[in-house]
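Asks: Each chain, letter by letter, is given below.
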Amino acid sequence: QKEVEQNSGPLSVPEGAIASLNCTYSDRGSQSFFWYRQYSGKSPELIMFIYSNGDKEDGRFTAQLNKASQYVSLLIRDSQPSDSATYLCAPCSNDYKLSFGAGTTVTVRA
Amino acid sequence: DAGVIQSPRHEVTEMGQEVTLRCKPISGHNSLFWYRQTMMRGLELLIYFNNNVPIDDSGMPEDRFSAKMPNASFSTLKIQPSEPRDSAVYFCASTWGVGTEAFFGQGTRLTVV
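For the protein sequence lines, the chains are A and B, in the order given.
For the first sequence, this note's numbering gives the first residue as 13, with consecutive numbering after it.
For the second sequence, this note's numbering gives the first residue as 4, with consecutive numbering after it.
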């Protein structure tokens, strides 16, 4: 079993729609969770982090965390063409280990 | 701060040669990570350090790979001998504590022919 699993892509959504990205993790010791965005040929960059169960909103992005289910998700509302990228889920364990999922590639159709 | 600095940006080498990748983390950060990214395997964690000490190197694929962090401002990832399957983008990232944002360098694109 992979440490971090994300829904397989690519995910294609029309402009203005909601993109929903899912992630499950195996390490129950994970305490903090990150979503990174990576444009083609570029480095990953942080877009959201969440530490507590529930929802966290930041602009058009909402992260959801359920530690009991070992599940974290990211919603992108009002998707824009500039949101077209690969989104990486990254749980961080208490021993500093930061592992990444394989990523979900999102394409927003104009 | 200039961010995480990696060198070289691109490296083309012949099979069997030694390759050394370099990373300078952000000043004040105490954790450093080396990742390898390929289309097939995604972003794989190779090894990470905390306060210059290797914490987990279970992701290092083979004995051909080694990493060092002699001080807080410098780390190297060495491949000896290199093989074509080592071709990938290698990223270095640093953080200042547990559960904080990781900042990535621009990566080194390695091609082994």
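Simulated from the structure, these hints should not be mistaken for laboratory data.
Beta carbons: idealized from backbone N, C-alpha and C, even for Gly.
Careful, some of the hints might be misleading.
Computed, partial: chain A to chain B, Cβ under 7 Å [stated by the list, open to error]: (1) G41; (2) S44; (3) Y51; (4) I59; (5) I62; (6) K109; (7) F112; (8) G115; (9) A122.
Asks: Against each hint, give a clear statement of whether it holds in the structure.
Replies: Here's how the hints hold up against the structure:
1. G41: violated (11 Å)
2. S44: holds (3 Å)
3. Y51: Violated. Min distance 12 Å.
4. I59: Where the cut-off is 7 Å and the nearest Cβ of chain B is about 10 Å from A/I59, the hint is violated.
5. I62: This interface hint is violated because 11 Å lies over the 7 Å limit.
6. K109: With a closest approach of 6 Å, the A/K109 hint holds.
7. F112: holds (4 Å)
8. G115: Holds: closest Cβ of chain B sits about 6 Å from A/G115, inside 7 Å.
9. A122: Violated. Min distance 26 Å.
Checked against the numbered hints given earlier, the structure breaks hints 1, 3, 4, 5, 9 and satisfies all the rest.
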